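Asks: Each chain is listed here by its residues.
Number of protein chains: 2
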Amino acid sequence: MTHFESELAALKQKLLLMASHAESAVNNAIKALVDRDDDLARKVAEDDDKIDHLEQEVDAACIALLAKAPLATQLRLITSAMKIARDLERVGDEATTIARRSLDLSQEPQLKAYVDIPRMATMAMAMLNDALGAFVNGDTARARAVIPRDKDVDQLNKQLYRELASFMIEKPTTITRCLNLMTISKALERIADHAKNVAEDVVYLYEARDIRHLGATAA
Amino acid sequence: MTHFESELAALKQKLLLMASHAESAVNNAIKALVDRDDDLARKVAEDDDKIDHLEQEVDAACIALLAKAPLATQLRLITSAMKIARDLERVGDEATTIARRSLDLSQEPQLKAYVDIPRMATMAMAMLNDALGAFVNGDTARARAVIPRDKDVDQLNKQLYRELASFMIEKPTTITRCLNLMTISKALERIADHAKNVAEDVVYLYEARDIRHLGATAA
Numbered sequence: 001m002t003h004f005e006s007e008l009a010a011l012k013q014k015l016l017l018m019a020s021h022a023e024s025a026v027n028n029a030i031k032a033l034v035d036r037d038d039d040l041a042r043k044v045a046e047d048d049d050k051i052d053h054l055e056q057e058v059d060a061a062c063i064a065l066l067a068k069a070p071l072a073t074q075l076r077l078i079t080s081a082m083k084i085a086r087d088l089e090r091v092g093d094e095a096t097t098i099a100r101r102s103l104d105l106s107q108e109p110q111l112k113a114y115v116d117i118p119r120m121a122t123m124a125m126a127m128l129n130d131a132l133g134a135f136v137n138g139d140t141a142r143a144r145a146v147i148p149r150d151k152d153v154d155q156l157n158k159q160l161y162r163e164l165a166s167f168m169i170e171k172p173t174t175i176t177r178c179l180n181l182m183t184i185s186k187a188l189e190r191i192a193d194h195a196k197n198v199a200e201d202v203v204y205l206y207e208a209r210d211i212r213h214l215g216a217t218a219a
Numbered sequence: 001m002t003h004f005e006s007e008l009a010a011l012k013q014k015l016l017l018m019a020s021h022a023e024s025a026v027n028n029a030i031k032a033l034v035d036r037d038d039d040l041a042r043k044v045a046e047d048d049d050k051i052d053h054l055e056q057e058v059d060a061a062c063i064a065l066l067a068k069a070p071l072a073t074q075l076r077l078i079t080s081a082m083k084i085a086r087d088l089e090r091v092g093d094e095a096t097t098i099a100r101r102s103l104d105l106s107q108e109p110q111l112k113a114y115v116d117i118p119r120m121a122t123m124a125m126a127m128l129n130d131a132l133g134a135f136v137n138g139d140t141a142r143a144r145a146v147i148p149r150d151k152d153v154d155q156l157n158k159q160l161y162r163e164l165a166s167f168m169i170e171k172p173t174t175i176t177r178c179l180n181l182m183t184i185s186k187a188l189e190r191i192a193d194h195a196k197n198v199a200e201d202v203v204y205l206y207e208a209r210d211i212r213h214l215g216a217t218a219a
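As given, the protein sequences belong to chains A and B, one line each in that order.
Here our numbering is used: the first residue of the first sequence is 1, the next is one more, and so on.
Here our numbering is used: the first residue of the second sequence is 1, the next is one more, and so on.
None of these hints come from the bench; they were simulated from the model.
Predicted, not measured: the structure shown is a model, and the values here were computed from it.
You can't tell identical chains apart in this list, so a pair holds if it fits in one copy or across any two.
With a cut-off of at most 25 Å between alpha-carbon atoms, the simulated DMTMM-like pairs for lysine to aspartate or glutamate come out as follows:
1. K50 / E207
2. K151 / D49
3. K186 / D49
4. K83 / E7
5. K158 / D48
6. K158 / D38
7. K186 / D39
8. K112 / D154
9. K158 / D93
10. K151 / D47
11. K158 / D47
12. K50 / D210
13. K43 / D154
14. K158 / D49
15. K151 / D116
16. K50 / D154
17. K151 / D52
Model the full structure from these sequences, guided by the hints.
Replies: Here it is in structure tokens:
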């Protein structure tokens, strides 16, 4: 392995470290919501700094590497790393949103047992996990399989939005809580979007094909 | 001007073309909302494709240029261009969201005259315009001045959110309309976020300093 190659490998490692922070953030935010654990929710919001700083480190490493990268595949790896880092940073932001809304929600009695939200979280996190696994192993089939699953999360978010909107109309005293749950559901929908972006970047990285905006069937 | 420099200039032009499409999209979406103009709202949603494709063109041009860029300043211009393109693409998405919600809103009687939303739109679009102007002229003072204004748009969004939440509680028949207005307000808040991102990229581009996540005073 040349020095340049080991620097690229270190870049990948840093991206995976970022990914593990982002994943923990979302998992902890959902756990804080379900368990009504305010300390955990506050911790998620505080720890978002770490993810933000990792993004800056990834970017700085990318710029340093770009100047030395002779091959198109290396350039693609570096620019993809920057994009993936941005998406992971946003996943961290969404985790913070979930954590903040969980804090609001734990001020009032729980509306009902949460079923759909943990389910959406599981789906979104599995997408992110698969996209990152595909990145590590260069497995574009696995990356491609992530993309259509975004629609399922969108559907669940829309369904939950409608249910919560109806619930509000029936019981206006629940409006604040329903709004917080809508925001959390939307945050999960965005996390799935970011996972899809990462999957598209992985396909681009290994196949040199831009598959964004093609729609589920064409992709 | 060398061939490489003229390619960089063409890249900047393409980014500005993208910016003008994104700006028109937001302006038209707000116009569609205020004038209850469904045709215009539909046009905004349809035209989002153009912005998406421009982002892909910018990315492809960046990758081609990166391989040939010898200087750190050029590398920064190219990677900044990719980031700015991503932000503009998202501005287009938010415009589409506004347009879609405007279509929903025009199915029902108007709740009241829209005051805060056009005001937020004006603020967010002025931020974007200044950030892009700073990009064109290498004016980092102008870019830095954009950043704290994001907080004002955030404040307006939060205020509107609270007002609409109270309004819903008083008059549950307005819930669907209030939810649509909340989504539009949130979309404008995100557009201001993207403008702030662009401003931060411009500072980074011309000063080689990463000022993200420093907070308003430090920046």
